[in-house]
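Visitor: Sequence:
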Amino acid sequence: MACRAIFAIHLGLYLTSTIVCGQVAGASEPADSGAHSQVDGKAKSPALGEATRLIMEGTNRFRNQEGRGELKSQQQLVATARDFVDFLARTEKFSHEADGSEPTERAKKHDYAPCIVAENIAYEYNSAGFETEDLARRFIEGWKKSPGHRKNMLDPDVLEAGMAVAQSKESGKYYAVQVFGRPRSAAIEFSVVNESDAKIEYRLGDEDLSLEPRVTRIHQQCRASELRFAWTEAEGKPGSFQPGQGDRFIVTKEQGKYRISRQPPDKE
Numbered sequence: 100m101a102c103r104a105i106f107a108i109h110l111g112l113y114l115t116s117t118i119v120c121g122q123v124a125g126a127s128e129p130a131d132s133g134a135h136s137q138v139d140g141k142a143k144s145p146a147l148g149e150a151t152r153l154i155m156e157g158t159n160r161f162r163n164q165e166g167r168g169e170l171k172s173q174q175q176l177v178a179t180a181r182d183f184v185d186f187l188a189r190t191e192k193f194s195h196e197a198d199g200s201e202p203t204e205r206a207k208k209h210d211y212a213p214c215i216v217a218e219n220i221a222y223e224y225n226s227a228g229f230e231t232e233d234l235a236r237r238f239i240e241g242w243k244k245s246p247g248h249r250k251n252m253l254d255p256d257v258l259e260a261g262m263a264v265a266q267s268k269e270s271g272k273y274y275a276v277q278v279f280g281r282p283r284s285a286a287i288e289f290s291v292v293n294e295s296d297a298k299i300e301y302r303l304g305d306e307d308l309s310l311e312p313r314v315t316r317i318h319q320q321c322r323a324s325e326l327r328f329a330w331t332e333a334e335g336k337p338g339s340f341q342p343g344q345g346d347r348f349i350v351t352k353e354q355g356k357y358r359i360s361r362q363p364p365d366k367e
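Just so we're aligned: the sequence shown equals residues 100 to 367 in the working numbering.
Please note that a few of the clues may not be correct.
[Said to hold, decoys possible] DMTMM-like, lysine to aspartate or glutamate: derived pairs with alpha carbons at most 20 angstroms apart:
(1) K352 x E294
(2) K208 x E223
(3) K143 x E223
(4) K298 x E334
(5) K207 x E196
(6) K268 x D182
(7) K336 x D296
(8) K272 x D296
(9) K143 x E230
(10) K272 x E240
(11) K171 x E149
(12) K336 x E288
(13) K352 x E334
(14) K244 x D254
(15) K243 x D256
(16) K272 x D210
(17) K268 x E230
(18) K272 x E230
(19) K171 x E156
(20) K352 x E311
(21) K250 x E230
(22) K356 x E332
(23) K298 x D256
(24) K356 x E306
(25) K208 x E196
(26) K352 x E300
(27) K352 x D296
(28) K208 x D185
(29) K268 x E191
(30) K272 x E149
(31) K192 x E204
In short, the hints are calculated from the structure, not lab data.
Produce the entire structure from the sequences given, and follow the hints as far as they go.
Guide: Given below as structure tokens:
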């Protein structure tokens, strides 16, 4: 007797940034946890480890198509995604705080030191089951079609990720989790040096700042923000910059006018 296939997909997303201290480890791939065969009309059972690999591969292909850098698989983020997806599948709860914590907290519990953590979650159901490739494709396409999830997948400031898929033994639903990150060790550090004899005003992103004479301020950012010196033409030529790692912006004042020089880091 033929069975009617029932489909469902649900999505969720989370994005945050933070600055903490800690250690970052290397990359690892999750182990396979299923088979991909169909016997005598039984529901197809995808290979979950392979589906996870295909989701990572498909996400990087999507990023490459959109001009983004490729993500590296990262051990602590893989463990974070694996533990959370197992929790979702075991409890059938579905939210970013389903276990009472937020994605950044979960990553920290796995010794990840984050600048940025972003998370996508989803589940799929089909009474006929899925082929491995089809399950991975459905998760990827579902996220791509949702603006918030798409934004996380294409975030230019994340550098690494961990992904995982699990199945609920109770309902048969397949859950997927993507955890994206930028480690604290990859924070953008630059300095503003006021070598003039007057207090200067400048703007970094949405924040207005001032700096006393003969003072240096070191900035650390998880996301690159515009640095803008917006004094009047009479005071000097205004300047707008996108700071890079190790840059020094030196402000001097000569004949009543400010000057800005950008000094890149020394190359060894």
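Visitor: All the hints need checking, so say for each whether the structure fits it.
Guide: Hints, one by one, checked against the model:
1. Taken as a hint, the K352 and E294 pair is honoured in the structure, with Cα atoms around 8 angstroms apart against an allowance of 20 angstroms.
2. Of the pairs offered as hints, the one joining K208 and E223 is violated, with about 27 angstroms between alpha carbons and a cut-off of 20 angstroms exceeded.
3. For the hint pairing K143 with E223, the CA-to-CA distance comes to about 14 angstroms; that is within 20 angstroms, so the pair holds.
4. The straight-line distance between the Cα atoms of K298 and E334 is roughly 13 angstroms, inside the 20 angstroms bound, and the hint therefore holds.
5. Proximity of K207 to E196 is assessed by CA-CA distance (about 15 angstroms); at most 20 angstroms being required, the pair is judged to hold.
6. Taken as a hint, the K268 and D182 pair is honoured in the structure, with Cα atoms around 16 angstroms apart against an allowance of 20 angstroms.
7. A hinted pair counts as satisfied when its Cα atoms are at most 20 angstroms apart, and K336 with D296 qualifies at roughly 17 angstroms.
8. Between K272 and D296, the direct Cα distance comes to roughly 66 angstroms. Violation of the 20 angstroms bound is thereby established for this hinted pair.
9. Taking the CA atoms of K143 and E230, the gap is about 6 angstroms. The hint holds against a cut of 20 angstroms.
10. Between K272 and E240, the direct Cα distance comes to roughly 17 angstroms. Compliance with the 20 angstroms bound is thereby established for this hinted pair.
11. For the hint pairing K171 with E149, the CA-to-CA distance comes to about 17 angstroms; that is within 20 angstroms, so the pair holds.
12. Proposed proximity of K336 and E288 is contradicted: the alpha carbons are some 25 angstroms apart, above 20 angstroms.
13. Distance check on the hinted pair: K352 and E334 sit about 9 angstroms apart at the alpha-carbon level, within 20 angstroms; holds.
14. Simply put, K244 and D254 have alpha-carbon atoms about 15 angstroms apart, close enough for the 20 angstroms limit, and the pair holds.
15. Taking the CA atoms of K243 and D256, the gap is near 18 angstroms; set against the 20 angstroms cutoff, the hint holds.
16. For a cut-off of 20 angstroms, the pair hint linking K272 to D210 is broken: about 30 angstroms separates their Cα positions.
17. Among the hinted pairs, K268 with E230 is consistent with the structure: their alpha-carbon atoms are about 18 angstroms apart, no more than 20 angstroms.
18. In summary, the hint linking K272 to E230 is supported, as the alpha carbons are separated by about 14 angstroms, within the 20 angstroms threshold.
19. This hinted pair checks out: K171 and E156 have alpha carbons roughly 10 angstroms apart, not beyond 20 angstroms.
20. For the given pair, K352 sits about 13 angstroms from E311 by alpha-carbon distance, which is consistent with the 20 angstroms threshold.
21. The suggested pairing of K250 with E230 is violated, with an alpha-carbon distance near 27 angstroms, which exceeds 20 angstroms.
22. A distance of roughly 9 angstroms separates the Cα atoms of K356 and E332; the hinted pair therefore holds under the 20 angstroms criterion.
23. With a C-alpha separation of about 32 angstroms, the suggested pair K298 and D256 falls outside the 20 angstroms cut-off, and the hint is violated.
24. Between K356 and E306 the CA atoms are separated by roughly 24 angstroms; this puts the pair beyond 20 angstroms, and the hint is violated.
25. The hinted pair formed by K208 and E196 meets the criterion: a straight-line CA distance of about 15 angstroms does not exceed 20 angstroms.
26. Restraint check for K352 and E300: the C-alpha separation of about 13 angstroms stays at or below 20 angstroms, so the hint holds.
27. Taking the CA atoms of K352 and D296, the gap is near 7 angstroms; set against the 20 angstroms cutoff, the hint holds.
28. Annotation: proposed proximity of K208 to D185 holds, straight-line Cα distance about 16 angstroms (limit 20 angstroms).
29. The suggested pairing of K268 with E191 holds, with an alpha-carbon distance near 10 angstroms, which does not exceed 20 angstroms.
30. Distance restraint check for K272 and E149: the Cα-Cα separation of roughly 17 angstroms lies within the 20 angstroms cut-off, and the hinted pair is therefore satisfied.
31. Restraint check for K192 and E204: the C-alpha separation of about 18 angstroms stays at or below 20 angstroms, so the hint holds.
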